[in-house]
Every structure is written in structure tokens, then in C-alpha cells.
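With these hints in hand, go ahead and build the complete structure from the sequences.
Spelled out, the chains give:
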Amino acid sequence: MRKSLAIMLSTYLILTGLALEVIAAMNGPIGSLAQRGRTVYPVLACFLVLLLLALVFPALAESDYRKVLRVMLLLSALGMFLIYVFLGFMWMFAGRFAMSVLVAVFLVLYGIALVMLGVFNYFAAQGGYRPFIYSMGRELPYIYYRYRI
Amino acid sequence: MDYDVIVIGAGAGGLSAGATLASRGFSTLVVEQSGTVGGCASYFERDGFQFDVGACIVEMPEAHERFYAGLGLRREDYVTFLRNDPLYELIDMTTGERILVPSSLEETAEMIGAYSARDAASFRWFMNKYGPVLDRFADVLLTTPQGRARDMLKVFARCPGIIKSAHVWMTPYGKLLDDLFEHPVTKGMLGNYSVIGGLPPSVQVGLMMWLVYLEHRGMYYPEGGMGAIPRGMARALEDVGGELALDTPVRRVIVDRHRARGVVLADGTPVTARAVVSNANALPLYMDLVGPEHLPGAVVKGLKSYRPSPSCTVAYLGLDYQPPMRAQHIFAMASPELLDSFWFSIFENGIPIPQSVGLVTSPTFMDPSMAPPGCGSLAFMTVAPPRPAGGSWSEIKWDYLDKGIDMLDAVFMPRVKDHIVTKTIATPEDFETRLSLPWGNIYGFSMSMLSQMAFRPGNRSRCVKGLFLCGGSTHTCSVPGAVNSGVMAADLASEEIERRRAA
Chain A
1 MRKSLAIMLS
11 TYLILTGLAL
21 EVIAAMNGPI
31 GSLAQRGRTV
41 YPVLACFLVL
51 LLLALVFPAL
61 AESDYRKVLR
71 VMLLLSALGM
81 FLIYVFLGFM
91 WMFAGRFAMS
101 VLVAVFLVLY
111 GIALVMLGVF
121 NYFAAQGGYR
131 PFIYSMGREL
141 PYIYYRYRI
Chain B
150 MDYDVIVIGA
160 GAGGLSAGAT
170 LASRGFSTLV
180 VEQSGTVGGC
190 ASYFERDGFQ
200 FDVGACIVEM
210 PEAHERFYAG
220 LGLRREDYVT
230 FLRNDPLYEL
240 IDMTTGERIL
250 VPSSLEETAE
260 MIGAYSARDA
270 ASFRWFMNKY
280 GPVLDRFADV
290 LLTTPQGRAR
300 DMLKVFARCP
310 GIIKSAHVWM
320 TPYGKLLDDL
330 FEHPVTKGML
340 GNYSVIGGLP
350 PSVQVGLMMW
360 LVYLEHRGMY
370 YPEGGMGAIP
380 RGMARALEDV
390 GGELALDTPV
400 RRVIVDRHRA
410 RGVVLADGTP
420 VTARAVVSNA
430 NALPLYMDLV
440 GPEHLPGAVV
450 KGLKSYRPSP
460 SCTVAYLGLD
470 YQPPMRAQHI
480 FAMASPELLD
490 SFWFSIFENG
500 IPIPQSVGLV
510 TSPTFMDPSM
520 APPGCGSLAF
530 MTVAPPRPAG
540 GSWSEIKWDY
550 LDKGIDMLDA
560 VFMPRVKDHI
570 VTKTIATPED
580 FETRLSLPWG
590 NIYGFSMSML
600 SQMAFRPGNR
610 SRCVKGLFLC
620 GGSTHTCSVP
630 GAVNSGVMAA
640 DLASEEIERR
650 RAA
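Protein sequence lines correspond, in order, to chains A and B.
Residue 100 in the working numbering sits at position 100 of the first sequence, with consecutive numbering throughout.
Counting the second sequence from 1 gives a position; the working numbering is that position plus 149.
Incorrect hints may have been included.
Lysine-lysine pairs mimicking DSS-like chemistry, simulated, CA-CA at most 30 Å apart [as the list claims (entries may be wrong)]: (1) Lys278(B) / Lys3(A); (2) Lys67(A) / Lys324(B); (3) Lys67(A) / Lys453(B); (4) Lys313(B) / Lys3(A).
Quick list of the computed label-pair ranges, beta carbon to beta carbon [to be verified]: (5) Asp64(A) / Ala415(B): 47 to 53 Å; (6) Lys450(B) / Val119(A): 26 to 32 Å; (7) Thr571(B) / Val119(A): 53 to 59 Å; (8) Gly262(B) / Ala59(A): 43 to 49 Å; (9) Leu249(B) / Leu78(A): 55 to 61 Å; (10) Tyr134(A) / Lys278(B): 25 to 31 Å; (11) Ala266(B) / Arg138(A): 39 to 45 Å.
Output of the computed footprint for chain B on chain A, the stretches with three or more beta carbons under 8 Å from beta carbons of chain B [said to hold, decoys possible]: (12) 131 to 137; (13) 143 to 149.
Simulated from the structure, these hints should not be mistaken for laboratory data.
If you're wondering where the values come from, they're calculated on a predicted model, not measured in any experiment.
Note that beta-carbon positions come from the ideal geometry of N, C-alpha and C, so glycine has one too.
Given below as C-alpha cells:
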């Protein structure tokens, strides 16, 4: 993937992540129930954009990054969709307080995940970093066990 | 108790731990399974030639100074280091060009300048800017025990420069070379350090520029061969009152209520001690000598998760002449991309490539007394898979050796084949059997970032009290790293024994 495209995708992911943080902050603790419920619309929009990105960007990536990027974007889109369904469903049942907690928790966490994804994509999209990142990724799940020795 | 401490293994780490503990007045026994001391830095004799088993380069001699000073002895009385000047010769594998790499940073910058003025400026800038940080980091890392998060934080607290320049050290080595240099010779020369550091350029961290700096600070070879280092240490051990038992394998470590209480020797004799220090690799130590039944499941999983460090074959040749060489070591030089491709073919696909001769070294270049008068010796190293695809080392090793010699004759040293008096080869299988190195790997465990410091087996065992570890599987950095790790394990064991005596 060209570096300019990698930067574009990463910027989008990071900005979307930050936007989710802002939405969570604005509609979590202070808004009315209706305002909180309406957070599902930007979530739906994010899902649709992520889905679109998952269809377009992997085709522009190098062969050893294509599958990783596709799975990454599809999973984040799927996560976004599940949050949309869940929040939309809970909007019908949850009270003002419960909804504020749900919106804050889900959007803050997902926002952080998208920011991290953006950073990961920036490095992984560059060939010079990819083997290094993959190699670390293979060992990452074991560091707790290694630390215990 | 029979002893205060029993040390398993008389490698550089075990000997330094044993001697340090003995010098502090603890009754110490060092047991070694083979008939010689030294482990990876040991030696053997064949037809009048003395060969180094593996290690053949010494950096950071201050580790040895510190060790002997700690015993109240003078290093000069036990081992003499001869400085390599020039450091080594490079052979460009594509053009056949030979390049001498000088022993000072400025001269090396000038040598690089002959190919690219921009590269020379980058090299000078990098070494001037980061040299002092690397200097400090080497000192701190090698003298701070590892194993816990707070030990790791201590290293960074004592060397804040390494955090400030983390963006450089965390860049993949190959990318760092691409960013800093333009000429293929510069990249090829510096790319070698990545492989010496145990990983290919695309996976290695930028921190491995450390090695470039360290070697220019001084690269040495001991008078009398690498074996002179452990022999000197063994003499020091006995001079300070420690005992050394060769040909004494250990069957298991006695563990009772999660505490190491001694060892059972191979002949069934139990020997009890207040603490056990192990120079053996952590994997056979925990899995074979301690036993999984004494370990938490998480520890077993952690031990099994380590990836091997590179393994290699070493061919040893006795010659009827001293081969014409301009430096003790000759390295093959290839582009970082080619190094990557070789590496992955060998270690991911298990393909043995006899032609991948990486290092040729002549011990007799530095010390002619290691061969009969008028003769010389050579050793050449090729990185090689631990288990060759579709066969075993015992089936293919002689053919592999002959192909390697053909390569040596064709590229490195024309007509050397006509001068061979004696030849033999050690394969990863041999290193695994004789030195108890899992997969025959030469650096203990993988050199990746997530196998270092707090993520490498600690100097103090977390799961078996009274058990301390040293050597390559706890601290890397070759012989000096092993020597330092022994001293650190001894420091921790001393505290433990004092505490137990007081109790």
C-alpha cells in the first residue's frame, strides 16, 4: 500500500476512534435518554464506512498484508454493527442511567480500539515494519507466561 | 548440608557464580557433565590442533576485569586478551570484493566514506549521538539482575537515554539501515550485525547497532584460545576455595516444598545445599532436572513458548600451513534482503544451505601455539536449521561439510582444500547432545524483544525458591554476558544463603 494511502486509512481510523470518545463523553453522562439513544446512528455510520473500507483498501495492500487488513477491518465493522444492534435494543429497555453507562463503556473502549488499529495500520502497511510486527505478534500472547518464569 | 551452594554447569556463567560465591566464604561445588570446562566457550583437541567449540569473539573485557576484581584477583594472572586489529575482513558475496574493517569508529567511517560520503556522515552522526547511550546501556543491562518488572524498570531508570531514543531502537534493523545509509556495501557490512545478534535484519531491533559500537570499542581473542577463559576461571575458582567436579552429570534437582535443596548426581548420590545455581539452559533445567510436577502450569507454558535462537554448524579444519589472512575473522557480506531470504529458508523451512558460510575464523592467526609448528587452523560457521527438512544431521553432516569446504575453497581461501590435515564438524544435533542446548541454539533462547529482560527466565527462579539461574538463557551478550550473569546470580544466592543461615 502506498504510504499516502496508509496515512489516509490510519487517519480515518484514529479520527473515528476519537469521535467515538467525544460522542461517549457528550452523550454518556449529560444528555437525555433520547440523545443517548441517538448515538446508535453515528455507530451505524461508522459500521457502514468500515465495511466500505474493508472492501476497498485490502485490494490496494501488498499480498502479505491484504488478508490481515481485510480481517482487521471486517472484524471492526462487525464489532461496530454488534454495538449498534445492542445499543439500539437497549434503548428500548434501559433507563437513563443504564444507557449512559452502556454508551460510555462501549464507545470509549471501541474508540480506543480504533485508535490503536489506526496506529497499527500505519506501521504494518509499511513493508519495513511488517515482518517485525508479525514476529512480535506471534510472541505477544505468551509474555505473561514467560514473565512467570 | 553438604555445601552452601551447588552450581550446575561449568560454563562461563557457572564458573563466575561458583568463584564469586566461594570468594565470599560459602562452601561451593561446581559440577560439570563433560570433561572440560567452558560450555559454549570450551575447546577440544584433535591431531595436535586445539579448536574452539563455538564462541570465538570477546567484546566487553571489562566483564572479566570486574569478575576477577570481585574475587580480589588480577585478571592478567589468569587470562590475556589479544586485541583484534583490524576487526575482520568482509567478502562481498556478489562481487568478491574484500574489505578490511578497522578497529576504530573514525577509521571505519573513513572506510565507509570511500563508498559514500553521505553514509560516512550518517555513521559518524549516529555513533556520536547514540554511542554514549549504548555505552551506558551495555553497562547497566549487564550488571542488573533480570526477571521482574522492577528490574527492567531499574535498567531504564539508570539509563534514561535509552527511553528518549526508543524510536530508534524500536525501528526494525533493516529499516534503520535503509533510513540511514544508501550504499549496498555499508548496508551489507552493518547488516551482518543483525545476524550476529541472532535475528535477520527485517525482524531484528535497531538496538542491535549496539554491537557495531561495542566491537569498535574493542574486540579480543584470548591467548591460548577461547578455552583460556574458562580455564582461567576454573583456576580462580580453586584459588578462592571452590571445588570443581568434571564428568559429574546431574540427574535432577532436589525440590521439596517448592524449594531447591540440592541435586542428585547421575550415579544416584544426593548432594544437599542451601542454594542451587544453574548454568544449564532454563528449558532442560526446569523440564528435566526440576520436573514439570514442581512447576505451575503457566511456567511450563511459558518455557514451551520460547522460540529457538539461531543454530549453526561449525566446521573445524587443521591445515599444514597458516592460511593467508589479513584478519582473524572473515565475514561473508550480503545485502540485508539476501540475509532475510537465507534466514527464512533455513529456519522457517528447515533447508540446510552448506554454502551459507557466514564466518571463517583462524585461531592460529592470533595464537600460533594452538597448532603444531608451521601449521594453522580454521573454523567456519554456517547458520543451519536445528532439524534439517527430510533427514537428520547425522545422515547429511559429512556431505554438508564437504560442500562447505568447496565454498571455502572457491570464495574465501583458494586451494585451502589441498592443505587439510584433519577435519570435523559439529552440528546443531551435536550441540544439543553435548552441551544440552535445546535445538542446538547458540544464544539460549530467541533474541527477539519479547524474549528479553523480564520475559526471559530470571536470575532468581520465581517458582522454585533457592534456585538461581545464569548463562545464555537468562542473559545474552555472549561470554561477557554469561560472566556477568554468574556474578548476579551469585549476589542473589548470597542474600538467600545469609537469610537461611540467619533463620
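Task: List of violated hint numbers, smallest to largest - done: none
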